[in-house]
Amino acid sequence: MAGEIAKSPAVENSDTEEFRAQLLAVIPALRGFARGLCGNRELADDMAQDAMMRAWAAQASFTPGTNFRAWIFMILRNQFYTTIRRNSRMVSWDPEVAERVLIAQAAQHDGLNLQDVQDALQKLPLEQREVLILIGANGLSYEEAAEVMGCAIGTIKSRLARGRTALSILINGTEQYNAELDGTVEKPVSLRVTAEEKTLAARNETARQS
Amino acid sequence: MAKIGNPKPPGAPIIKAFDTHSDPIAIALKRLHEEVEAEEIPSEFLNLLAAIDRKMDAKAKGE
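In the order they appear, the protein sequences are chains A and B. Note that the numbering used here has the first sequence beginning at 2, numbered continuously upward. Note that the numbering used here has the second sequence beginning at 298, numbered continuously upward.
Simulated from the structure, these hints should not be mistaken for lab results. Just to be clear, a hint being listed does not mean it is correct.
Unchecked claim - Think about it this way: if two alpha-carbon atoms lie no more than 30 Å apart in a straight line, the pair counts; the simulated DSSO-like pairs of lysine-lysine are: (1) A:158 / A:124; (2) A:124 / B:327; (3) A:158 / B:327.
Remember, predicted model here, so these are calculated numbers, not experimental data.
Use the sequences and the hints to build the structure in full.
Laid out in structure tokens, this is it:
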């Protein structure tokens with residue numbers, strides 16, 4: 002790249018080894034992030050491997066000493082969005098069907114079991130799901146999540162709050178959620194499902210059937 | 298006449314804090330993530346790293 006200070010071969014090799022070590026170390030978290038995004042093990046692992054290859058190819062654009070995890074999460078996320086946009090034309094979208102599914106899923110459950118959480122997570126709008134995964138599951142800070150998602154910290158906070166509310170309602174039902182609020186009345190939460198969500202649900206269904 | 302606007306009392310935070318250590322949703326999300334992290338890394342990933350190693354070796358020999 003023009004203007005970049007040339008590195009000696011020894012320094013370059015050391016950077017490459019460091020990069021490789023970071024790539025190895027991030028695999029479990031990367032798989033977890035991908036699994037949370039798409040809800041399908043095979044698809045998630047394909048996405049994670051693809052992100053690793055892209056990261057390797059783009060390593061010159063990574064600045065050693067900066068946040069590697071946020072950088073590779075961003076690569077995976079961008080690729081995920083590209084994939085679902087590309088495939089969205091192939092899937093017919095029926096919002097009424099999606100709404101019925103969401104209402105059925107909003108039935109109350111006694112406990113908070115992981116399968117309920119996993120299922121409910123996949124029914125959230127993508128932007129809420131990913132912020133819950135990044136901060137709730139991966140433990141990223143608001144700043145890191147904002148870096149990965151390319152938006153302001155305020156946006157992260159509001160998506161997180163909306164996502165947490167929607168997830169709680171999907172898992173526990175509205176009555177328990179309202180009780181959690183200690184008597185305050187909460188407006189109904191929009192549980193809209195985007196075309197991308199529908200695409201992904203259809204892909205997951207296809208993967209399950211095959 | 299129905300009240301409109303924010304039903305929260307004055308001074309209440311607009312966005313409820315999401316405590317990742319005590320919030321049951323956060324704890325469940327963390328456990329889900331930990332389950333994936335605890336899985337053995339599939340061989341495809343190790344094969345990919347091996348391919349990277351080969352590229353590194355080839356590059357080093359080329360220099």
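For this session: Would you check the hint for residue 124 (chain A) and residue 327 (chain B), treating anything up to 30 Å between C-alpha atoms as holding?
Result: 18 Å, holds
For this session: Mind checking the alpha carbons of residue 158 (chain A) and residue 327 (chain B) for me, to see if they're no more than 30 Å apart?
Result: The given pair, whose Cα atoms are some 18 Å apart, holds under the 30 Å limit.
Exercise. Does the alpha-carbon distance linking residue 158 (chain A) and residue 124 (chain A) stay inside the 30 Å limit?
Worked result: Status holds; Cα separation ~20 Å.
Of the hints listed earlier, there is not a single one the structure fails to meet.
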